[in-house]
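Novice: Given the coordinates of chain E, work out where chain H with the ligand should sit on it, guided by the hints.
Order-wise, the sequence lines are chains E and H.
With UniProt numbering, the residue at position 6 of the first sequence is 6, and numbering never jumps.
With UniProt numbering, the residue at position 113 of the second sequence is 113, and numbering never jumps.
Simulated from the structure, these hints should not be mistaken for lab results.
Possibly wrong hints are sitting among the right ones.
[To be verified] To give a feel for the contact side, a few chain H residues facing chain E, derived at Cβ under 10 Å:
(1) P143
(2) L145
(3) S146
(4) S150
(5) D170
(6) I189
(7) F192
(8) G233
[What the hints assert, rightly or not] Derived DEER-like restraints, expressed as beta-carbon distance ranges:
(9) H/P268 to E/K104: 52 to 58 Å
(10) H/T23 to E/L218: 55 to 61 Å
(11) E/P254 to H/C208: 26 to 32 Å
(12) E/S202 to H/T238: 38 to 44 Å
(13) H/T238 to E/R182: 28 to 34 Å
(14) H/P268 to E/K162: 42 to 48 Å
(15) E/S229 to H/L290: 52 to 58 Å
(16) H/V297 to E/P121: 45 to 51 Å
(17) H/N184 to E/S229: 35 to 41 Å
(18) H/T231 to E/D63: 26 to 32 Å
(19) H/P268 to E/D63: 55 to 61 Å
(20) E/G67 to H/K56: 49 to 55 Å
(21) E/S229 to H/C208: 55 to 61 Å
Quick caveat, the model's predicted, so the values are computed rather than measured.
For every residue, glycine included, the Cβ atom is placed at its ideal position computed from N, Cα and C.
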Amino acid sequence: MLEHEANANANSTHSKTTGLPRKRFYRARAHSNPLSDSHFPVPISPGQVDYSVYYPQLFPSPDKFDGSKRIEFADVGCGFGGLLISLSTMFPETLMIGMELRDKVTEYVKERVVALRSSNPGQYENVSVVRTNSMKYIPNYFEKEQLTKMFFLFPDPHFKEKNHRRRVINLHLLDEYAYVLREGGIIYTITDVEELGVWMKSCLEGHPLFEAVTKEELEADAVVKLLSSATEEGQKVARNGGQTFQAVYRRIAPCVSNCEKH
Amino acid sequence: MEEESEKNPETDVAPALISVHPTHKFVSVAVGSDLRVFNLQESCVVTLADESGAHKDSIRAIRYSANGQLFVSAGDDKLVKIWATDSWRCIYSVVSEKRVSAVGISNDGMFVCFADKFGVVYVVDIEDHDVEDRVPVNKKAVPILSHYCSIITRLEFSLDGRFIVSADRDFKIRVTIFPKNPVNGAHEIQSFCLGHTEFVSCLAFVGCQDYPQGLLVSGSGDSTVRLWDHTSGSLLDTYNCGAQAELLHSNGKEEEILPAITDLCTTPDSSVVAVAIQSLPGVMLLRCNLSTRTLSVAKVVSIAGEAFIPTSIGGHLGF
Ligand SMILES: C[S@@+](CC[C@H](N)C(=O)[O-])C[C@H]1O[C@@H](n2cnc3c(N)ncnc32)[C@H](O)[C@@H]1O
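With the rest of the complex left out, here is chain H:
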C-alpha cells in the first residue's frame, strides 16, 4: 500500500502503485510518472537504465513476471516498458496508440499483454528477450481481444496459464482462452463472471497445491470482494468488505456510500487475500477456503496515520 501523493496539485495524480518481486528481491513503486525500484536484499536504490528516457506521464500499471526476470511499466504516455530485472535495463519500449490502463505477463514470460483506454487488449511477443546480442527492435503489438468501449482495469493470467482474464470499468470480467499463438487473437471466451454492480477494480487468483487451477477473486466499486469459478463463470461467494470496514471505522458520515475496493493481493500457496478498501486506514485480510469455496474475514490490520488511503497493495505479505 502507498499513501496517495499530494504533490503536483495542478495535474491529476494517478494512484500510487506498488509491486513486489516474487522472491522479495525488489520492490517497485510508481507515483505519477516517477518509477522507483528498491533492492530489498542489498537495501539500496536501483538505477534504471533506459535509453529511450523515463515515462513522461502517469504510470497506470506495473508488474513483475512470475519468475521475476521481467518487469513491465506502462501508462498515460502510451509506452509499455519491459525491463530485465538482472540489469534493470529497459529491453523493449512498445508504443501503444492509446493510453495504457493495465498490463499482464504470460506465466511463461513469453508474452506481454496490455490494455488501452478503448478496451482493446494487445499482445507483444517477447520470446527472444533473453537472447544474447539481440538487436533491439521496436516491437509491434497486435490486438487480441476487446471489451467494447469500456476501460480495462486489470489483466491477469490464470495460475495454469490457460486463461487471460480482463476486468473493466462497467462491471464485466471476461475469461478468455490464451492460445498457443496469441498473435492471431484470443477469440474463444471461456466465461463471463457477472455479478459486480459497479466497476471492477482488481483481480487475483488464489490456489494451493491441492487446487492448482485456483479460483478467481475480484474487488469492485460495489464494495464487495467476490469469489468465482472462472472456468464456468459462476459466482461462489460475495464478501461485503465495505459494510464491514464501515462498522469498524465508522466516522458517522456518508453511511450510505460504500467504499470501493481499490486493490487485492494474494500470495502463492496461501489462501489469504489482502484487500485495500478506500475508507479503511489499513488492510483487510480475507481467508479463502478452497474446498468450501467461501470467503471470510481473517483479520483487519490497522495502520495508524493520517490521510492514508490504500490505492495499491503488493507482494508477499508477512502476516
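Next up, chain E with everything else stripped away, as it sits in the complex:
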C-alpha cells in the first residue's frame, strides 16, 4: 500500500540560507483543491461531502442534500467491493461506502456499481466508493457518531515490527474509529494472518471504548457470515482452505468515573 510518512524533515520547509520559511511551502493555493493528497481531493469537512456524487439517484443535486440521511456503513480498504455488494441488498435503506487507496481498484468498484445499477433498476443506489487514505481522512468524511458499522476485512498485514504503525487497526486509529462510530455501533475485522488477527483483537480489547460482541450475538448477526465469504480476498482464502481470525467489537460509552478496564 501507499504510505504517506510524516515529512521526516520539518526543516525542509525553511530555506537553508536565510532560515526563513520557503514561500512555496507556505503559499495558499487559490484554485486547486487545497486538501489534495497526492492525487485525490479530500473534503474539508464531513459537511462538504457531496452525496450527489456518490448516490446520484437518491440525491439528484448537491443542494437537495439536507443531511437527513447519511452514510452509516464504511468498508475500509474495500478492495474489489464484494462485501458492499452483498450489504447493499441486505440493507437497502442504508447508505454505505467503500474507502480504497488504490486508484485502479476504486475505478473498478465504481464501474461495478454502475453496471449493477443499470441491470437492476432501483437497486444498488445506496452503495458507493471513494478513493482515499482512510488512515488520514476518516474525520473528513464522517461526523462524530455517524456510523453504525465499520469493516476491516483482510487488511494488509505489515509484518515488520517497525511497520506495525502502518496497520489500519492500531490503538491510536481506534480512537478515530470510536469517534465516528455511534454507541452500539459495530467494528468487524477478519484476517487469514494469525499474527495480525491476534494484534487486531488485542488492540480492540485494550481500547476503553470497545467491548467484544458475545458469541450469541455473533451467531444472530447475518453480517458476520459475510466476513469470510463476501469479499474477493475472503473467497481466495476459503478456496485455499485457509484459517481465518475475526474480532467483532461494539462501540461502548466511556466510563464516567475514572474506572479502569480489566
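Specialist: This is chain H with the ligand only, laid out in the frame that chain E set:
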C-alpha cells in the same frame, strides 16, 4: 516577536521563539539551540543550571506553565527539558525517540505533553516535581494519542483543563478529553475542528470571566485566523488576515500568495488576539467578541525595521 536569526547559514535555522512568564517575571527566547532567559523584574540575564548540558540542536518549542513555576524547552535533539523557574534548574530531561515539534503543560502543572515528528503525543507525569529531596529520575514518556503521519505543530490545553488540543501540518485540529489518568492514553475525541485548508501553525484560547470555558482560535498557512467552538468542533468565524495584511503592506509582487499566519497570542481575561503574519512587519490585533462569536480587526501595529519577519509572539501584550 523576534527577528529571524541570520547566523549560521550552513545549517537550517529554526524560527526564533519567544515566551513570557505569566506574571511578567521572565522572558525566554530560543534561537537555534540557544536558550536564553532574561529576568524582567531585575533586568538581568538568568543563568541556567543544567547538569545534562544545554540543548544540542534546534529548539522547536518553549513554554511556561500556567502558574509560572515550570518552563519546558524541547526540539531536534530529542530532549524535553523541564525547568523549575525559582532556581532555573533543569529538573527533568526526558528523552524522546524522535525529534520534538510541540510541547504543552496541563493547567495543574502535573503533566507535560510533547509531540514527536511522527505525530505521536506523549505524556510525562511530573506530579512529584516540587517534592523536596526528590531523587532525580529519568522520566519515561508514554504515548497517549496520535495524528497519523502528520507533524504536530501545536499542543494547547483548554482553559478549563478538560481538553488537550493538537494541531498538525495537514489541516487538522483534534480536541481530545484529557483524562484524570492520562498515562493510560487519551482515547476519547471530543471533536475535530476542520476548515483550514493548509497546515495549522498556531492555537490559542480566548476567554473571560463570563465565558470561562473560552473559545479556540487557530492560525494557518491558509492565511486565516479561525474561531471555533472546540466542544462541538463548529467553525464560528474566519478572518482572512493575509488579505488584510497584503492590502496594508502591498509591495506589488506575489499578489496571489497569501502569507501564512506564524503565531497567535492571547492574554488572560482579554478578548484580544495578537497575530503574527509572515509578510507583515508588525502585529495584527484581532478582537474576539465572545457573545457574538466573531473576529474583527482591532488594530495593526507596525514595527519599523528591515528584514523583520515575525515568527513567534508571546506574553501579555501591553496594547
Ligand atoms: C488485502 S486487501 C483486502 C480487500 C478487501 N477488504 C477484501 O477483503 O477483499 C487490502 C486493501 O486495503 C487497501 N488499503 C490499504 N491501506 C489503505 C488505506 N490507508 N486507505 C484505504 N485503503 C487502503 C488496499 O489498497 C487493498 O485494496
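Novice: State for each hint whether it applies.
Specialist: Hint check results:
no.	hint	result
1	P143	holds (8 Å)
2	L145	holds (6 Å)
3	S146	holds (4 Å)
4	S150	holds (6 Å)
5	D170	holds (7 Å)
6	I189	holds (4 Å)
7	F192	holds (4 Å)
8	G233	holds (8 Å)
9	H/P268 to E/K104: 52 to 58 Å	holds (55 Å)
10	H/T23 to E/L218: 55 to 61 Å	holds (60 Å)
11	E/P254 to H/C208: 26 to 32 Å	holds (30 Å)
12	E/S202 to H/T238: 38 to 44 Å	holds (43 Å)
13	H/T238 to E/R182: 28 to 34 Å	holds (29 Å)
14	H/P268 to E/K162: 42 to 48 Å	holds (44 Å)
15	E/S229 to H/L290: 52 to 58 Å	holds (56 Å)
16	H/V297 to E/P121: 45 to 51 Å	violated (57 Å)
17	H/N184 to E/S229: 35 to 41 Å	holds (38 Å)
18	H/T231 to E/D63: 26 to 32 Å	holds (29 Å)
19	H/P268 to E/D63: 55 to 61 Å	violated (44 Å)
20	E/G67 to H/K56: 49 to 55 Å	holds (53 Å)
21	E/S229 to H/C208: 55 to 61 Å	holds (60 Å)
In summary, the structure is inconsistent with hints 16, 19 from the numbered list given earlier, while agreeing with the others.
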